[in-house]
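> According to the numbering used here, the sequence shown is numbered sequentially starting from 3.
No wet-lab data here; the hints were simulated from the structure.
These figures come from a predicted structure and were not determined experimentally.
Watch out, some of these pointers could steer you wrong.
[Said to hold, decoys possible] Straight-line distance between alpha carbons at most 27 Å, and here's what the computed DSSO-like set of lysine-lysine pairs gives: (1) Lys-331 / Lys-287; (2) Lys-7 / Lys-21; (3) Lys-240 / Lys-291; (4) Lys-232 / Lys-291.
[What the hints assert, rightly or not] Simulated restraints on C-beta separations: (5) Ala-204 / Ala-309: 18 to 26 Å; (6) Ala-242 / Glu-289: 45 to 53 Å; (7) Ala-309 / Glu-205: 17 to 25 Å; (8) Gly-6 / Asp-321: 17 to 25 Å; (9) Arg-197 / Ser-282: 30 to 38 Å; (10) Ala-242 / Ala-32: 45 to 53 Å; (11) Arg-329 / Glu-289: 26 to 34 Å; (12) Ala-159 / Asp-321: 29 to 37 Å; (13) Ile-17 / Ser-212: 38 to 46 Å; (14) Arg-197 / Asp-325: 26 to 34 Å.
Glycine included, each C-beta is placed from N, C-alpha and C at the ideal position.
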Amino acid sequence: MLEGKRIVLGVSGGIAAYKAIEVCRRLVDAGAHVSPVMTAGAQHFVGSTTFSALASEPVRTSLWEGSDPIPHTTLGQGADLVLVAPATARVLAAYAHGLSTDLLTNILIATRAPVVVCPAIVAAAERALADRDLEGLNVVVTAGGTREPIDAVRVIANRSSGKQGHAISQECVRRGANVTVVTTTDLPTSPTADRIQVETAAEMQTALDSVAPSADIVIMAAAVADFRPKDSVDGKIKKAGGIPEVILEPTPDLLEAIGRNRHPHQTIVGFAAETCDLVSNARSKLERKCLDLVVANDVSAEGVGFAHGTNAVTLVSADGERDLTLRSKAEIAVGVVDEIVRIRTSMRSVDAGRVNPTN
Numbered sequence: 003m004l005e006g007k008r009i010v011l012g013v014s015g016g017i018a019a020y021k022a023i024e025v026c027r028r029l030v031d032a033g034a035h036v037s038p039v040m041t042a043g044a045q046h047f048v049g050s051t052t053f054s055a056l057a058s059e060p061v062r063t064s065l066w067e068g069s070d071p072i073p074h075t076t077l078g079q080g081a082d083l084v085l086v087a088p089a090t091a092r093v094l095a096a097y098a099h100g101l102s103t104d105l106l107t108n109i110l111i112a113t114r115a116p117v118v119v120c121p122a123i124v125a126a127a128e129r130a131l132a133d134r135d136l137e138g139l140n141v142v143v144t145a146g147g148t149r150e151p152i153d154a155v156r157v158i159a160n161r162s163s164g165k166q167g168h169a170i171s172q173e174c175v176r177r178g179a180n181v182t183v184v185t186t187t188d189l190p191t192s193p194t195a196d197r198i199q200v201e202t203a204a205e206m207q208t209a210l211d212s213v214a215p216s217a218d219i220v221i222m223a224a225a226v227a228d229f230r231p232k233d234s235v236d237g238k239i240k241k242a243g244g245i246p247e248v249i250l251e252p253t254p255d256l257l258e259a260i261g262r263n264r265h266p267h268q269t270i271v272g273f274a275a276e277t278c279d280l281v282s283n284a285r286s287k288l289e290r291k292c293l294d295l296v297v298a299n300d301v302s303a304e305g306v307g308f309a310h311g312t313n314a315v316t317l318v319s320a321d322g323e324r325d326l327t328l329r330s331k332a333e334i335a336v337g338v339v340d341e342i343v344r345i346r347t348s349m350r351s352v353d354a355g356r357v358n359p360t361n
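From just these sequences and the hints, can you work out the full model?
Take a look at the structure:
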């Protein structure tokens, strides 16, 4: 997978810099062409000679060394990936604010390649930077629209992009959950999340059968087809044969099955894409399918729903509704996960009251 790929390995100053030596060695062993770049701070922790010996070319440490007048452009724009390991708080702050303080940060600004950063911060600082209210919980998130084959070429599909589901999975990872993403899309997932790639409703059902029973939270953001062809043709149906008759059959209701077979302490979240009667339809789904929360959106509204980078939703639970007005799907994800945490906290309070009733 890495054979022939050009990877810029950025090493910044921190005690974790010594671990980058092993990262470099393994990348080279996997067939990658590794160009190491060290900050001044990194050179206080590990010698540049070590990286030069292991990597595919000598270490770069400065904008002004060597014959290349624009090393940041040469390296950044020629890379398939820029990996910063470790990434200190200084490098992360400079990157976030677009500051070009040295060769490495100039490369980060110049590159068009994917950038992967491995923050090097102590556990106490990490906890201060992010809520960890899902720490240790197993979360399953489905994303994207299923595709049901008519023949070898044509499918019945829907317009779901999977962006909202993937944003929610990223937010769950950020909060400390062990996340499994069951997706039909090619959108990236967090390196720490497990990924199960599926296409059809049947494949998604098989995946969920294996991971949902052990989950603390199941978030069904995928748009699963309601119908599929009863008989799929192996080859391509030719136009010369006239208009084909495609007989449909219902797909299994995956959300309802999970809701009805849930464990007592699971939290189950469904989604409802509607064009009218948003809250009443969502509340009906909540009750029929034994859910804790329904995330409902009006896909006919401007800037909302399929393929957009923004969304607006109403969160419908047993104790009311909460509107999240138009905002980015990442911000919607924060609101959805906040509501899940609130519901779970409320459930624990009720359970505690049953165990220790007050007079």
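> Each hint: holds or not?
Okay, the hints, checked on the actual structure:
1. Taking the CA atoms of Lys-331 and Lys-287, the gap is about 23 Å. The hint holds against a cut of 27 Å.
2. Restraint check: the Cα-Cα separation between Lys-7 and Lys-21 comes to about 21 Å, which is no more than 27 Å; the hinted pair holds.
3. A hinted pair counts as satisfied when its Cα atoms are at most 27 Å apart, and Lys-240 with Lys-291 does not qualify at roughly 41 Å.
4. Our distance criterion of 27 Å between C-alpha atoms is met by Lys-232 and Lys-291, whose separation comes to about 25 Å.
5. For Ala-204 paired with Ala-309, a C-beta distance near 25 Å keeps the hint of 18 to 26 Å intact.
6. At roughly 50 Å, the beta carbons of Ala-242 and Glu-289 sit within the given window of 45 to 53 Å.
7. The hinted range of 17 to 25 Å is satisfied by Ala-309 and Glu-205, whose Cβ atoms lie roughly 23 Å apart.
8. A beta carbon spacing of about 56 Å between Gly-6 and Asp-321 contradicts the range 17 to 25 Å that was offered as a hint.
9. As the Cβ distance of Arg-197 to Ser-282 is approximately 36 Å, the hint placing it in 30 to 38 Å holds.
10. For Ala-242 and Ala-32, the hinted distance range of 45 to 53 Å is satisfied, since their beta carbons lie about 50 Å from each other.
11. Hint check: Arg-329 to Glu-289, Cβ distance near 28 Å, so the stated range 26 to 34 Å holds.
12. The given range of 29 to 37 Å is respected by Ala-159 and Asp-321, whose C-beta atoms sit roughly 36 Å from each other.
13. Restraint check, Ile-17 to Ser-212: a C-beta distance of roughly 40 Å satisfies the suggested window 38 to 46 Å.
14. A hinted range of 26 to 34 Å for the beta carbons of Arg-197 and Asp-325 is consistent with their spacing of about 32 Å.
Checked against the numbered hints listed earlier, the structure breaks hints 3 and 8; every other hint is satisfied.
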